[in-house]
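Visitor: Sequence:
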Amino acid sequence: MLSAVNRTFDRIMPFITPVSLIIGMVFTVWLKPYGFLSTWLFAFMTLAGSLGSGFGDFLKVLRRPLPLLCALFLLHIVLPLIAWGAGKLLFGGDVETVTGFVLAAAIPTGVTTLFWVTVKGGDVALALSIILIDTLLAPFVVPGTLSLLFGSEVHIDAFGMVINLFWMIVLPSLAGMWINHVTKGKAERKWKPRLSPLSKLAMGAVVALNGAFVAPFFVPFRFKLLGILMTIILLTIIAYTLGWSFSRWFWKKEDRITVTITYAVGMRNISAGAVIATTFLPAPAALPVVLAMLVQQLLASVAGVLMGRTGKQEYDDERALSLKRNKAV
Numbered sequence: 140m141l142s143a144v145n146r147t148f149d150r151i152m153p154f155i156t157p158v159s160l161i162i163g164m165v166f167t168v169w170l171k172p173y174g175f176l177s178t179w180l181f182a183f184m185t186l187a188g189s190l191g192s193g194f195g196d197f198l199k200v201l202r203r204p205l206p207l208l209c210a211l212f213l214l215h216i217v218l219p220l221i222a223w224g225a226g227k228l229l230f231g232g233d234v235e236t237v238t239g240f241v242l243a244a245a246i247p248t249g250v251t252t253l254f255w256v257t258v259k260g261g262d263v264a265l266a267l268s269i270i271l272i273d274t275l276l277a278p279f280v281v282p283g284t285l286s287l288l289f290g291s292e293v294h295i296d297a298f299g300m301v302i303n304l305f306w307m308i309v310l311p312s313l314a315g316m317w318i319n320h321v322t323k324g325k326a327e328r329k330w331k332p333r334l335s336p337l338s339k340l341a342m343g344a345v346v347a348l349n350g351a352f353v354a355p356f357f358v359p360f361r362f363k364l365l366g367i368l369m370t371i372i373l374l375t376i377i378a379y380t381l382g383w384s385f386s387r388w389f390w391k392k393e394d395r396i397t398v399t400i401t402y403a404v405g406m407r408n409i410s411a412g413a414v415i416a417t418t419f420l421p422a423p424a425a426l427p428v429v430l431a432m433l434v435q436q437l438l439a440s441v442a443g444v445l446m447g448r449t450g451k452q453e454y455d456d457e458r459a460l461s462l463k464r465n466k467a468v
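Heads up: the sequence shown begins at 140 in our numbering, then just goes up one per residue.
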């Protein structure tokens, strides 16, 4: 029963976020008082997602660390700088909006990355390792990036952000991996399928609660909102493109690495970013992050289709070249 429900949720994944966001904005008066639940709901999501992680997978990846380092380099150096530059160029002195763009880029890669990597035949061990390392770095990287780029331009409660990220991401991740290790994988086999549908419902609840928080900024409609949405789409496309380009350049013959790095760099733990934005930053800074929720899963689906076509075309080209060589011989 739960497996069937989970498969249904997987199929409608691209629509869960926008529908939840709309529900949050429509019922903002009733939902806004419960915004404090976002942190705990997200901690549950992280714990459930981490039950499939193991310390052994991480150790295997450390023997070949370059793909991991490449992903982290793009995630926390290249893309936040691009987001900062694009925000400054397009929104000038609107520091709060630019802060939102940088936060959307600096937040760690998402647990849902693993879903897409698994579906598209990527390297699951590498994906788990990127998620783990990025998660452990998050309490230091996210506040550090914002403080470095904005300084005194916008008030940032860096210490509060560190503590929140620790309770929301780091501790549940370590707890999930420890449970999986102690039970020798039984927790993953027995409990992860049961918790997975509840985790997806929790994600919808987090999005709805954050939607309730930013609802006043959507009414009345302003063209600035459209500009923010277009910028978020552009930055997300750039992230996917850079992830794909770097991985194809360095690991051309290893499609599993290409799929993994593309999704790891393109996707974000955007629900965590929304919780951070609505808790520790001025309300307008949450807009880019919340709007990113609308497009992330949809663009992940598009990226999968494009990578599939590219891979098929390259396979056909190589096969045709091989046939020509055989005929020449």
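In short, the hints are calculated from the structure, not lab data. Some hints here could point you the wrong way.
[Unchecked claim] No farther apart than 30 Å at their CA atoms in a straight line, the calculated lysine-lysine pairs in the DSS-like style are these: (1) Lys323 to Lys199; (2) Lys331 to Lys199; (3) Lys363 to Lys199; (4) Lys199 to Lys325; (5) Lys171 to Lys363; (6) Lys227 to Lys363; (7) Lys329 to Lys199; (8) Lys392 to Lys227.
Visitor: Does each hint fit the structure? Answer for all of them.
Guide: The hints, checked one at a time:
Pair hint Lys323 plus Lys199 holds up; C-alpha atoms about 17 Å apart against a cutoff of 30 Å. The hinted pair formed by Lys331 and Lys199 meets the criterion: a straight-line CA distance of about 23 Å does not exceed 30 Å. Only pairs whose Cα atoms come within 30 Å are accepted, and Lys363 paired with Lys199 is rejected, the gap being roughly 47 Å. Between Lys199 and Lys325 the CA atoms are separated by roughly 21 Å; this keeps the pair inside 30 Å, and the hint holds.
At most 30 Å may separate the alpha-carbon atoms for a hinted pair to count; Lys171 and Lys363 meet this at roughly 24 Å. Between the alpha carbons of Lys227 and Lys363 the distance comes to roughly 14 Å, so the proposed pair stays at or under 30 Å and holds. Between Lys329 and Lys199 the alpha-carbon distance is near 25 Å, which keeps this suggested pair within the 30 Å criterion. Using a Cα cut-off of 30 Å, the hinted pair Lys392 and Lys227 is violated, with the two alpha carbons roughly 38 Å apart.
Checked against the numbered hints given earlier, this structure breaks hints 3 and 8; the rest are met.
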